[in-house]
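Starting from the structure of chain C, add chains X and E where the hints point.
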Amino acid sequence: MRNSVSLALAGSGGAGVMTACNILLEAAAKAGYFALMTRSSGPQIRGGEAAAMLRVSTFATDGQDDRFQVLAAIDWQNVARFAAELPLGPESLIIGDPAQAAAPEVFLKSGARFAPLPLKTLAAQVAGAWPNMIVLGALAAMIGLPPAALEAAIRSALKKNVDAGLAAARLGMAEGAKLDRFPLAPPPPRSARWLITGNEAAGYGALRGGVRFVAAYPITPATELLEWLSPALAKVGGSLVQAEDELASINMALGASYGGVPALTATSGPGLSLMIESLGLGVAAEVPLVVVDVMRTGPSTGIATKTEQGDLNLALYGLHGDAPHIVIAPNSLADCLAATQWAVELAESLQVPAIVLSDQYFGQARAVVDAPRVNRHAAARLTAGAAAEGYKRYALTPSGVSPMAIPGTAGITYTADGLEHNERGTPSSQAADHLAQMEKRARKVSQLDPGDAWASIEGEGDVALLTFGSCTAPAREALGRARAEGYDVRLISLRLLAPAQPERLKRALAGVKRVLVVEQNHSGQLLHYLRAHYELSSEARSLRRPGPLPFRPDEIYRAIVNP
Amino acid sequence: MSSTQELSKDTAYADFMARAYAMELEANERYTQFADQLAMHNNVEVAMLFRKLADIEALHAKRILAEMRWSALPAMPVPYAWDGEAPETAPFESVHYLMQPYHALEIALRNELRAEQYFERIARSDAPPSVRAAAAEMAAEEREHVELVRAWMKRVPQPSAGWDDDPDPPRIVE
Amino acid sequence: MNAPLSAPLVQAKDFKSDYKPVWCPGCGDYSVLLAIQKALASLDLRPENVAIVSGIGCSSRLPAYTSCYGFHGVHGRALPAATGLKVARPELTVLVASGDGDGYSIGGNHFLHACRRNVDLTYIVMDNHVYGMTKGQPSPTTEPDWTSKLAPAGTGVREFHPLVIALASGANFVARAFSGDPNGCAALIADAVRHPGFSFVEVLSPCVTFRPDQRGWKDLVHPAPVAPTDDPARAARRIMTDDGFNIGILYRGNRAPYHGAAKAATHAAAELEADFRIEETA
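Chains as they are written, first to last, in my numbering: chain C, 962 to 1524; chain X, 3 to 176; chain E, 89 to 370.
Any given hint might turn out to be false.
Calculated cross-link-like contacts (lysine-lysine; reagent style PhoX-like; alpha-carbon spacing at most 20 angstroms) [as the list claims (entries may be wrong)]:
hint: 1; chain 1: E; residue 1: Lys351; chain 2: C; residue 2: Lys1353
hint: 2; chain 1: E; residue 1: Lys237; chain 2: E; residue 2: Lys223
hint: 3; chain 1: X; residue 1: Lys54; chain 2: X; residue 2: Lys156
hint: 4; chain 1: X; residue 1: Lys54; chain 2: E; residue 2: Lys108
hint: 5; chain 1: E; residue 1: Lys351; chain 2: C; residue 2: Lys1196
hint: 6; chain 1: E; residue 1: Lys108; chain 2: C; residue 2: Lys1353
Quick caveat, the hints were computed from the structure, so don't treat them as lab data. Given the structure is predicted, the values throughout are model-derived calculations rather than measurements.
Same shape as in the complex, but just chain C:
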């Protein structure tokens, strides 16, 4: 009995691998398991090769396992392109239709065994059935999902030919029972769970934070976040405007927020690059704003559909001038909710732009997660009342935060300005005003107290894994394995990236002799940031590589045990 099983389903356009995998994901959810579905596809809009990857487990995780137990292909057209993303081992099973070409050598050389399954022939036995439903049934049987859960998932997923789908899946289950099985341990005790993507979680977090205006320019892999928000905003009395480009979308969001309505835009690296100038306006004019960057592989257009943690430098340092702002990275798929909601809170309460660094991996993965505990409080902005005596929009307060006049409020009108200004907001080129306003803006950001939210800290020991974002789950899994074998390891996964928290990290690293910095980019952006702002032990080692391949727990585990 296994606590985790990883399956991959591949095929070209029209094979329905995504649909089948989604049904399997829902069936696992209904059966009480945790599950994570990710996907990889070719560049074609229709008809391209695609691979759907599903990990079903008895514990919550949004990380991938070291290897896949089963790779099933409806056909092998160009599936070899995904070989690097679909690691197999001698214990793995490759399922394919013997009527199709043989499985590619790149998979077979892993030592995995091949099990023929005549998908087309079987599907032909049921009128209106498709081969993907046969595979679906076979996979469900191989991992021991209860038929009732599978049937319920099929009924809710299929819009037509439900009976044919059900019959084909039953046929597949019967065939699957004859193959090697990878049965799962019984599901964990029932608890409240959600099935959600990182992009949906970020969108929902934004709404719960109080965002009621979104400006959107489509970009992979952030588009689904915007598409989720569009109808959702309409339900809660907000609005979404599709902008002509990212220069417009961020400025629309700034305009709405200046008007007192919490605002957000979401994009990916190329869009964030275009938005950077206006983020500086948000800093200078002190207009709250949240930008979600669902990172993809860069530079330039890069690999638009695949993940990488390459925008860290841009998010931290992209702005011209000294421009204190917030950068938050969710460290799990579900955390996309809390991190985005937190970003809204900080942006609103500190009147500053906040960047949420999500990534394609979180954004487009769909997972069963423990129902997040949602902060019930929407963000609050400090505003000024009508005809406030001696009102100064940019008053030099101890906290750095000064009450904001909202258009429509009489007697305290002002001009929000990207030009340096004095306390009243009047443009000023004087050194003293520049220094005072600069310090005000720096003060409000540096004084924020994140409490425990700045990082997730797990375990104890003199070895520390220091990471952020979607590298957290594999690091956690590696930590679990190492600790089970008696290694004393701790995990520090940063959530608040800017402002830096050197004192907190110093405490978190107390007693640590060796630090392993894990990140998914080529140049070690996190390592360099840490070196600039924190006291790291000289034994800090970098474990990094560019996207799109996710870290596997085993490689981090080996880095822990082999210093």
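The following block gives chains X and E in isolation, referenced to the frame of chain C:
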């Protein structure tokens, strides 16, 4: 400027005075704006001159208020309207940052002459006698102003050629 | 007391701030500022219910010179900022102040889409055919043979025609005004604000420093000889064949303005969680 409205028999004395009042007020406003512009551009001498001219127009406006016993401002009636801006209001383009007092007085002279012509035309129109009498009185007053300004112009130096030369180029601001 | 208590001239003062313009004395933008103040006063608006959004350039300094709410943002992006503000706060009156560089060059794409989107904004572009704040470079509306340091032989590039572009892109109100006539300009701006949807007012506003030749504009401008039309084809012919100094409302359309999706809330945000909850099978 010779609209049929001006000649309308329906016009009242109060309407005429309201127009006259608005004219003075606009002149005061514009002189003040010129003074502010010149002050911003460090031409203190001309700024002060415009300020003085603004004060004079404000005085005229106040006098009308007192004469009419208006405690607040009347609406600007259509009768006796002028095309474009009021006769005593110089166009924004009249000023230059290096201008000299003589130029400012040229502007004042232009305004007073136009004001005189404006009232003169009404005085000679077929407006009600009360209006014509008042207009004639005001035209005479403006004539006096014209002479005052002309005398003033003799007391200030005439600008030499190249008064608007600036050895430095304009500045880059943003 | 037989006279009404307020006069537009005096109300216009309510829209002045105590911050003094840095524009060159003689600049047409002073006049446009006054025209905006007079227009807002004539519409019986209160300064706190009006927001003026701008980008970068001489003209874009305008918001701070008014007592309205102002937003002086980045170069070229005034229209998007105004769009966001108006969609989020539809009850505000939102004006946008721009110039030929800010609005037609770096912000050109936003111009097209703002016209097309037809949000209820009033877009006032002070066009002087030159970049003033950076010292006299050619802008999209500069004549091809106008020489400057950056283009010593002229640009050789045809001028942009903002009114035609506005009309073709879907602006709901297209007018040309002249800064030398602040009252006429005020009336046009008031009409533009009153008209629903995206209203575009191109104001010929001379630059006395870099384009002293534009002082001659006052002798070239003339009122549009025909009444406004709601027929885009007629308006297009009119705009494309006029001499560039035709002043007045050249097109007044009747497209419904864009309001965005904002309606009253039908759900509490927390209710949306229902979509994510898993119903387990027994």
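Hints, verified against the model:
1. In summary, the hint linking Lys351 (chain E) to Lys1353 (chain C) is not supported, as the alpha carbons are separated by about 34 angstroms, beyond the 20 angstroms threshold.
2. The hinted pair formed by Lys237 (chain E) and Lys223 (chain E) meets the criterion: a straight-line CA distance of about 9 angstroms does not exceed 20 angstroms.
3. For the proposed pair Lys54 (chain X) and Lys156 (chain X), the alpha carbon gap of about 17 angstroms is at most 20 angstroms, so the pair holds.
4. With a CA separation close to 19 angstroms, the supplied pair Lys54 (chain X) and Lys108 (chain E) stays within the 20 angstroms bound.
5. The suggested pairing of Lys351 (chain E) with Lys1196 (chain C) holds, with an alpha-carbon distance near 8 angstroms, which does not exceed 20 angstroms.
6. Simply put, Lys108 (chain E) and Lys1353 (chain C) have alpha-carbon atoms about 18 angstroms apart, close enough for the 20 angstroms limit, and the pair holds.
Hint compliance for this structure: hint 1 is the single one not met.
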